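Given these sequences and hints, build the entire structure.
Residues per chain are reported as follows:
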Amino acid sequence: MVDLSLDLGFLRFKNPVLAASGTFGYGLEFKPFYDLGLLGGFVVKGLYLKPRGGNRPPRLVETPSGLINSIGLQGIGVEAFCREVLPELAGLNTAVIVNVCGEEEDEYARVAEYLGRHQGLAALELNISCPNVREGGRCPAQNPEATYRTVKKVKQVTSLPLITKLSPNVTDITSVAQAAEEAGTEAISLINTLLAMAIDLETRKPRLGNIMGGLSGPAIKPIALRMVFQVARAVKVPVIGMGGIFTAEDALEFMMAGAAAVQVGTANFVDPDACLKIIRDLESWAEKHGINKISEITGSLQV
Amino acid sequence: MVIDRQARLVEVQSWNDYFLFTLESPEIATKAQPGQFLMIKVSEFTQPLLRRPISLHNAEGPRLQIFFQIAGEGTRLLSQKKFGERLNLLGPLGQGFTIRPEFRGKEVFCVGGGRGLAPLYFLARELLRTGARPVIFYGGRTAADLPLQERLEKSGFEVLVSTDDGSAGFPGFVTSLVEETLKKRRPEFLYACGPDPMMEKLAEICRGEKLAGEFSLEAIMGCGFGACWGCVKKIRRNGQEKYLKVCQDGPVFPHDEIIWQENDHG
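Residue numbers (our numbering), protein chains in the order written: chain X, 1 to 303; chain C, 1 to 266.
Derived from the structure by calculation, the hints contain no laboratory data.
Don't take each hint at face value.
Computed footprint of chain C on chain X; a stretch qualifies when at least three of its residues, placed anywhere within it, have a C-beta under 8 angstroms from a C-beta of chain C [claimed, not checked]:
#1 18-31
#2 55-61
#3 65-78
#4 269-275
Cut-off 25 angstroms, straight-line C-alpha distance, at most; resulting in silico cross-link-like pairs (DMTMM-like, lysine to aspartate or glutamate) [as the list claims (entries may be wrong)]:
#5 K184/C x E102/C
#6 K242/C x E79/X
#7 K234/C x E103/X
None of the values given here were measured: they were computed from a predicted structure.
Ideal placement from N, C-alpha and C gives every residue a C-beta, glycine not left out.
Next comes the structure, spelled out in structure tokens:
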């Protein structure tokens, strides 16, 4: 029997597999497929204070082993979420995490404060890294100072643990990670999508209504893995790795590179029960390799 | 909504780049409603990455049928599946067509352009079963784009065909054929599925005739079950304009709710 659980200090997870924000709706969408209580946790789609319309379609384009999206964080807003969705997520026996968004630094704090007044949340994931909401993909995670300020502001208004989600669209991700750590984040998750585009040759138009979008899927896995490795070496807080994880083997690579837990994103679209299969396969891999506790794998890379 | 990883392909028919597959998938087949669709895995690898949305052409007993045209890499791979192979299906998905009791005894138009005919066979069968009188309009660029004409006629439906090049039936767009027919006959309702420009024109005709109807939209989809918000179209509902999900709120929408100019044709 393999012990899949992990204790990150601020939070215990029953296993290291979480469903990633933006690919798991508000969780409810996946209820028809399996018991969400089997997950380590899931991160619901990013929320602003108010409902948000999102970007002009088309919003999706497939590229080799990848998917570019420019959804633009369309969503119901934090009030409707707490009123209509959160009660439906009660009693699931898994870590429910909300992805927190903001147009400005203050909005992140206001969303976090609002969520902190409600029961049923295990942590907040600070989405300072969405490439789809500002021109040119700009976001606070592109700058250590803005990252520090945003994390600090949110820390001041909520006692919920914070996971700060980083952008790969930077020159030095370790300095941003360190800024988040210094500001008091309990954990770091990475990577968000890579700013990308695709062109229709016949029309000579961008394939996305928003011109650029964020690339996810197996195509970005090696880059994500490298960044997780770099960040895990640069900070002391736990790192949650993601980026193109489709199999248990992918998840294990991230853990060996230093991730305490992983998030599964785009795979949820292809196989709604992808997370479940990854959890099962992680367990059998550990069994086969005589590993009693899955957390032993974290950072076990031999260099 | 279930995942069937073992749907057996029991019959393959094809005409040039059009395909009609019969699949054994008891759980999905018994739940399926006209206008709903499947998300089908076309590759066991990561290329292409996503499932493909394919509308349900028919469901009878434990079997269902899909009718599709090769339109890209995904449908090309799907077309290469062989008799006896197992397919991985997710479905049935989406909100299908609504059939109202007051259609009983009345004429109802079903307008399909090219591969857009796909969901209308299932719909027309259901209309017939509930006592309505479906008339199928089937338009294509040429006679080769009307492979299901015989099947429809053999099933006892009234079928009016058109071709852009005049090689079969009414010469011209199917929308012109509908306009001509409307001068003589007044249906209770109009259903449509086809290329966006065809449906936009039909919406305009319906508006002029004060004719209610429902249109089935096509979209690139990430998941097919409402999780990604990637397939949205701009819809006017309850006085508000917003992006609704084709996969979950649709694919069928009342024609007067669809805001065409906001939605890229393509």
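Here is how each hint holds up against the structure:
1. 18-31: holds (count 6)
2. 55-61: holds (count 6)
3. 65-78: Contact hint for the segment 65-78 of chain X vs chain C: holds, 7 residues under 8 angstroms.
4. 269-275: holds (count 5)
5. K184/C x E102/C: It holds: about 21 angstroms lies between the C-alpha atoms, which stays within 25 angstroms.
6. K242/C x E79/X: Status holds; Cα separation ~19 angstroms.
7. K234/C x E103/X: holds (23 angstroms)
When each numbered hint is compared with the structure, no violation occurs for any of them.
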